[in-house]
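K.L.:
Sequence:
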Amino acid sequence: MVLAVDLLNPSALTEKRAHKLKRIVPLPDSYFMDVKCSGCLNITVVFSNSQSVVTCPGCSTVLCQPTGGRARLTEGCSFRKKSN
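Its first residue numbered 136, the sequence shown is counted upward by one per residue in the numbering used here.
Don't take each hint at face value.
To be verified - 30 Å max Cα-Cα, derived DSS-like pairs, lysine-lysine:
| no. | residue 1 | residue 2 |
| --- | --- | --- |
| 1 | 155 | 217 |
| 2 | 171 | 217 |
| 3 | 157 | 171 |
| 4 | 171 | 216 |
| 5 | 216 | 157 |
| 6 | 155 | 216 |
| 7 | 155 | 171 |
| 8 | 217 | 157 |
| 9 | 216 | 151 |
| 10 | 217 | 151 |
Stated by the list, open to error - If you anchor each label on the Cβ, the simulated ranges turn out as follows:
| no. | residue 1 | residue 2 | range |
| --- | --- | --- | --- |
| 11 | 209 | 159 | 34 to 42 Å |
| 12 | 207 | 155 | 18 to 26 Å |
| 13 | 145 | 213 | 52 to 60 Å |
| 14 | 161 | 213 | 26 to 34 Å |
No wet-lab data here; the hints were simulated from the structure.
Computed from a prediction, not measured in an experiment: that's the story for all the values here.
Cβ coordinates follow ideal geometry from the N, Cα and C atoms, glycine included.
Sequences are here, hints too, so could you generate the full structure?
P.N.:
Written as structure tokens, this is what we have:
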């Protein structure tokens, strides 16, 4: 009996699609990100699943608002994921 899928060595795409607890090496889906304010171009570090409103320290505008899961960025703010 030969399986069509290799269970010990899954592809990167298959591993990424799997639920975070069903992966071979469980990793979280959350991350830290650098958010650039559209007003003063100040960069602030924000957690992707933040549970509080994050404001810019320079001009005190709201950068992101919490939702049930991921934080929602305000319009005009750009972000990038921080690497390890």
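K.L.:
Which of the stated hints cannot be reconciled with the structure, identified by number in ascending sequence?
P.N.:
Numbers 3 and 13, in rising order.
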